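Given the structure of chain A, go ahead and fit chain B onto it with the hints provided.
Same order as they appear, the protein sequences are chains A and B. The first sequence begins at 1 in the working numbering and counts up one residue at a time. The second sequence begins at 1 in the working numbering and counts up one residue at a time.
Take the hints with a grain of salt, since some may be wrong.
Claimed, not checked - With a straight-line Cα cutoff of 27 Å, these simulated DSS-like cross-link-like pairs (lysine-lysine) come out:
{"#": "1", "chain 1": "A", "residue 1": "Lys42", "chain 2": "B", "residue 2": "Lys303"}
{"#": "2", "chain 1": "B", "residue 1": "Lys296", "chain 2": "A", "residue 2": "Lys42"}
{"#": "3", "chain 1": "A", "residue 1": "Lys42", "chain 2": "B", "residue 2": "Lys566"}
{"#": "4", "chain 1": "A", "residue 1": "Lys147", "chain 2": "A", "residue 2": "Lys93"}
{"#": "5", "chain 1": "A", "residue 1": "Lys93", "chain 2": "B", "residue 2": "Lys208"}
{"#": "6", "chain 1": "B", "residue 1": "Lys313", "chain 2": "A", "residue 2": "Lys80"}
{"#": "7", "chain 1": "B", "residue 1": "Lys123", "chain 2": "B", "residue 2": "Lys208"}
{"#": "8", "chain 1": "A", "residue 1": "Lys80", "chain 2": "A", "residue 2": "Lys151"}
{"#": "9", "chain 1": "B", "residue 1": "Lys566", "chain 2": "B", "residue 2": "Lys592"}
{"#": "10", "chain 1": "B", "residue 1": "Lys31", "chain 2": "A", "residue 2": "Lys68"}
{"#": "11", "chain 1": "B", "residue 1": "Lys303", "chain 2": "B", "residue 2": "Lys313"}
{"#": "12", "chain 1": "B", "residue 1": "Lys296", "chain 2": "A", "residue 2": "Lys68"}
{"#": "13", "chain 1": "B", "residue 1": "Lys566", "chain 2": "A", "residue 2": "Lys147"}
{"#": "14", "chain 1": "B", "residue 1": "Lys324", "chain 2": "B", "residue 2": "Lys313"}
{"#": "15", "chain 1": "B", "residue 1": "Lys742", "chain 2": "B", "residue 2": "Lys634"}
{"#": "16", "chain 1": "B", "residue 1": "Lys566", "chain 2": "B", "residue 2": "Lys742"}
FYI, nobody ran anything at the bench for these hints, they're computed from the structure. Quick caveat: nothing in here was measured; it's all calculated off a predicted structure.
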Amino acid sequence: MPIFFVNKVRVDIAAGVPGDTPLLWILRDSLNLTGTKYGCGKALCGACTVLIEGQPTRSCQVPLSSIKLGTDVTTIEGLKTREALALQAAWEKLDVPQCGYCQSGQLMSAAALLAKNRHPSDADIDNAMAGNICRCATYPRIRAAIKDAGKSLG
Amino acid sequence: MNPMRMSPLQSAADTPARPPATGPGRRVFLKVTAAAAGGLTLGIFSVDAAQAATAKAARSVAAGPEFTPNAFLRIAPDSSVTVIVKHLEMGQGTYTGLPTLVAEELDAAWSQLRVEGAPADAKLYNNLQWGPMQGTGGSSSMANSFEQYRQAGAAARAMLVAAAAARWKVPAEAIAVKNGVVSHGGRKASFGELATAAAKEPVPASPKLKDPKDFVYIGRHVPRSDARAKSTGTAIYTQDVKLPGMLTAVVAHPPRFGAKVKNIGADGLKGLPGIRFVVEVPNGVAVVANGFWDAKRGRDALKIEWDEATGFKYSSSDVLAEFKRLAGTPGAVARNDGDAAGALARAAHKLDAAYEFPYLAHAAMEPMNCVIRLDADRAEVWNGEQFQTVDQGAIAKALGLEPAKVTIHQLYAGGSFGRRANPNSDYVLEAAAIVKGLAAQGKRGIPVKLVWTREDDMQAGYFRPAYYHSLQAGLDADGNVVAWQQRIVGQSILDGTPMAGMIKNGIDPTSVEGAANLPYAIANLHVDLHSPQIGVPVQWWRSVGSTHTAYSTETLIDELAATAGKDPVAFRRTLLARQPRHLSVLELAAQKAGWGEPLAPGRNGAKRGRGIAVHESFGTAVAQVVEVTVDADKTFTVDRVVCAVNCGLAVNPDVVRAQMEGGIGYGLSAALYGEITIKDGGVEQSNFNDYRVLRINEMPAVEVHIVPSAEAPTGVGEPGVPPIAPAVANALAAVTGTRLRKLPLTLGA
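Next comes chain B alone, as it looks inside the complex:
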């Protein structure tokens, strides 16, 4: 180390985010001053990524007119094709998959493609699977866009071809388009050369789509459009947005859900550096400062007095006791085939099981955050937006604006797993409340970045609800399942939200999915539901209802197979005779895993075993065979997972594989460790030390096999999650004989 050395200019030039030279001086260096420690640094305003991301329009005007055949793409004079993606890229590959559809029908070269997040617009960018609204979730991005984005590409292609036909005076049918080049015989034109003329051609109403046998991108490997940016630190997330004059807000949330601020205790802030404003918001107190650290230091120094009269006072044990009480009474009926109670009474063998599922945090790597600026008559938001038009409407209402006056700039999200699709727009509205509070203090127009700490993210909500399942099933003397009766108890995710209209006849479909549509052929089947109101904020979590229903149904079916003395795969095969998608993955996973063949022995004589589970969610069937090793001290490892997936046509097989790998890892975190416990109305866990998640040394070897299919694509973001926990439990039962009915899984005392 040489403390005396000067900074070499040449090396500095290698640094991508290097500051511009501030003057003719010989040395370039950065000076961090006290007044500016939060946000300002001499000579550093070279890159404003968020503004760069939104300055594309200006650039394209400078470069010449663009060809914009529809809302989903535009072609610039330089032949670049910008695909406007209506769905959030939070890891699942939307920024690769949707551009693939356009490129396919447009016959563009992959290198021509650029990607841009769509602005909020429920009409143009409606989710065709569950709109009218713009949003990402339910593993619907590819499924609902498959036709739409292909049509968009095909329309643009037809217009380019029409323009070329007119220019060369040849029939359109005689023109070829390949790899971004339009040609007829020896004549060639780029998209850019034809763009101006193409823009004048009529937009075809229903352009012809390719025959799948002619696909060049769909079904093959296309590299992720975001891999480079995400491997070099240049991808911009909400956390990275920096705007001129921007301040950072950190919020003190109540120690128990629903408590209110009695006194904000701003005395504690006296003498602290960088603090600019204090704003009371509906769920706490925001400290607004020059930068994150100043804001957090301030937040931690507040001496808030809370009014806990309205606060939630209970603990997880109270919640469970109430669930058990309710499980003894009939609930709202979600499915009723035959006479389950009668058949159960007559059954030769009966199983009676109760399952307990804890609250879970999403714990995305990027804690919740949002950047917002409120000007005189409009607001701008920078966010990794999963529910664009819901959040836009909620912000507009909170700020007294028309929705069209709220502009949303879409950014990458550092994970979400459902969390950024909050029906109540919780953290987004918190950001809005802060700028509204600043405006009330005469400080309109200051951009504010709301940053939740990891602790806020884990303790302030929202959570996958806790559930309790009571399940009884019966076999006849020959080992056939004759009765199945399932009661689910847990909070409704939709109740009390703007989406409560989805609740029909007392059934929140997100509470019973995976159970009410049990795929097994059982003549007498009854599923009912209790949805008690409890003051814990709850929300969907990657694969929603299937996070718990797959566990209870797939472990009980396994137990029934064991009771009947039948092989778990053969037992399922019989009951799934009319479920081709389920069957296809069951067979493929079993075959690839070597089901029925002996396993290699474990280390030091440790016992090993296999388990299987199969589950459909969002139209995609997934089966997983798990191999575990159980040590003498009752600890265990998950060694290998063989996964088979049937998601219809796999548009990008490698992304499908990645989503299965990721779903397995996410599901394993919950299966092995995930548990949020409530004590006296507040969350006990705070960070990754006490809310443990899977690390690389705990990740099993994963093999993914895709069932070939020509059917329309269904989702892959979530369906990899549900089978893993029951498959692990079934493997553990195969080794130990113990059926685990409480999550997270432990064999210990």
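One chain only, chain A, in its complex shape:
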């Protein structure tokens, strides 16, 4: 029975759960963690981004069978780092979301970026965020909010 951790809660997967099931659908359908979104199913849009051992990862492309014993998965529901809280505050302050559907994924990617680099340049932001599509084109505000959050962290 594979065991891993989602937002620090232990998850035991029983034998017989199909190994091809992507982590995204374990999170959404089995664990009811619906903040992580389905957008494309092909790692093209970033809506399903979670942190696996701190690395932003498209959960639609992580089959259950590939998850190593004890792996740490963080979803938007468990994102509680200082960087994350600063980002969420900036997201609110600048009214970043429109439809909002992509924003969990955007925040996961942004949190991973700020964890490594509190004062990213525009090019750093492009590199970290270009995998996350927003059809409402909230991009200028995402960029501003990442910088704002970085600034607030000192």
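Chain B only, in chain A's frame:
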């Protein structure tokens, strides 16, 4: 990594969606079992968001009586003010803007406000701009609600004041309301304290509205009511609804439009986990399973035999050839001023241009989906509903129910851009067909979530129609425009739908808007239309007719200016002398962009240029000045957009800015990349790899300037889209001299 560690309870408590402890045991963990991989997990039924969202009534009963002065708000004993919003929140800010109107006239504190989506009701929640029906679109939410929601707030305020006046035995005129507190001298009361008494006061027929100079919310910054939920993953979309016993359906749609199922090929499902039912639906075969992945695995394993006799067999090239043929013959006349043909014949300079626009997918981030449950004598629907009463009626008809027996629970939509307002109720009826099929198998009462994959969303329809425009214009010897003749060819969006009544004299107004009402003063002007019937499902797409008419008209007017040797802004200014809204944005955008001043040089000697376009849609005029850089290899970037908007009174200026930014980004996706091509009756693109959309590194810097106005508000959801593509094309022409007449835009060979 420590694979041996146990889950710490304390940390688990930090997780908002954490499961409740299932017993007295020392460890809390989640167990995912094979039988339950789709939908069931031990100890996880703690939160049912959809039900929580609809349990408000029950909660309020428990808390005490509420004051419900009208259909648009209610005030609870705890003084919270719940605004019932009749329009869908799909990103454009309805859940902030309409509550702002109520809060303003009620003099509520913003923190008191709560928001709830209205149930389907064409009488109570009619769209006053284009009803009788409840629906969101045409950038009408603020425009049609502006008076109505203010009246609702003002009526409630008058009743609270009347109750306070009676309690304190003072004249109503002597009572003040500010920031949610009712007061007279030193006496104060909250809304909640007065709610019961206020409910007994007569409802004023036409309560007095505030003088705009007294506004405290309207015209200022009010934070979005949904920003927190959408920044923490807690906002609930259709995709997130979970009901007890719910199953998930994924549908196999035909490889070409209109093909029918000959054999469902269910053999392929043998031995697959989680499959519960297979249901044939009008446009394919639904596999109903415990969860999405089981359903999709099943859907992909079906070995369907299709009857393609009725299917669409053509390709985009065939469609274009037919459009070109039709463009050679006169169409239904949409506008005819003077004698365009005669004036053109006599013109000193003539321009003759043809424009090609491809089919486009909406590609909202949330693919189409719908949750539905059919019980013995009623149905319930959970959906981000853009056409509440149209869908309600269609579902009722399909299921043999009265419309009142179909309850719709309104949820956030993860974008729509028009897609969720389908006149044929396509995907909603697909969901209804599935539960009807289950009922026929004796399985009534099972909630089903229909989920379209991204590929379904991109390939099964519906699309912005492809169009072909033929345009001729003439200048006299002094460079004045003397003739304009435009022919538009493309499928009608309304034809064959329940809204076909809007077609008058062969003119679908959605095909010609932006062209038939060309704002330029041209004495001899002719616009006509061909609407061939083609078996590709089509639908409105953010800004509808203006998605193509703004492009042809604004690039040709630019070309006329160049031919006349005049500045593009000055040329437009002369022709727009009688169009104050257009003029206001033209001047503001040009001024803020530094029109006429030299541009900073490009990287490595790359050429740079500016272009402008101005267009009115849904009553709102928008002008955009674009700066581009063109590299030696003919690739280009859109660097900066200066946008001016005149939407009347800007109720929430920051939301107006956000909609311009968003409209520009959405329009740029289409201008630079958007193209759905049809081959042998089916769509060639499938996902964001081959239907490319704008990413953050491609988004230009955007500045938005709002023209101050005291006129009634007009829409902002769509009008930011139309000018961007022609402004980019005009900038590219300024650099290269090449006039691009085919979308998406490319300078390459």
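Problem set entry | Restraint status (C-alpha distance of lysine 123 of chain B to lysine 208 of chain B at most 27 Å) | 24 Å, holds
Exercise. Within a Cα-Cα threshold of 27 Å, do lysine 42 of chain A and lysine 303 of chain B meet the stated pairing?
Worked result: Holds, at roughly 23 Å.
Exercise. Are the Cα positions of lysine 296 of chain B and lysine 42 of chain A separated by 27 Å at most?
Worked result: Holds, at roughly 14 Å.
Exercise. Can the restraint linking lysine 42 of chain A and lysine 566 of chain B be considered satisfied, given a maximum Cα separation of 27 Å?
Worked result: It is violated: about 50 Å lies between the C-alpha atoms, which goes past 27 Å.
Exercise. Going straight from one Cα to the other, do lysine 31 of chain B and lysine 68 of chain A come out at no more than 27 Å?
Worked result: This hinted pair holds, its Cα atoms lying about 17 Å apart.
Problem set entry | Restraint status (C-alpha distance of lysine 313 of chain B to lysine 80 of chain A at most 27 Å) | 54 Å, violated
Exercise. When you check the alpha-carbon spacing of lysine 80 of chain A and lysine 151 of chain A, does it fall within 27 Å?
Worked result: 18 Å, holds
Problem set entry | Pair hint lysine 566 of chain B and lysine 592 of chain B, alpha-carbon separation not exceeding 27 Å | 21 Å, holds
Exercise. Going straight from one Cα to the other, do lysine 566 of chain B and lysine 742 of chain B come out at no more than 27 Å?
Worked result: Given that 27 Å is the threshold and the Cα spacing comes to 25 Å, the pair holds.
For this session: Compare the distance between the alpha carbons of lysine 324 of chain B and lysine 313 of chain B with 27 Å, and conclude whether the hinted pair is satisfied.
Result: With a Cα-Cα distance of about 19 Å, the restraint between lysine 324 of chain B and lysine 313 of chain B holds, given a limit of 27 Å.
Exercise. Going straight from one Cα to the other, do lysine 93 of chain A and lysine 208 of chain B come out at no more than 27 Å?
Worked result: 34 Å, violated
For this session: Quickly compare the C-alpha distance for lysine 566 of chain B and lysine 147 of chain A to 27 Å and report which way the hint goes.
Result: Judged against 27 Å, a Cα distance of about 43 Å means the pair is violated.
Checked against the numbered hints given earlier, the structure breaks hints 3, 5, 6, 13 and satisfies all the rest.
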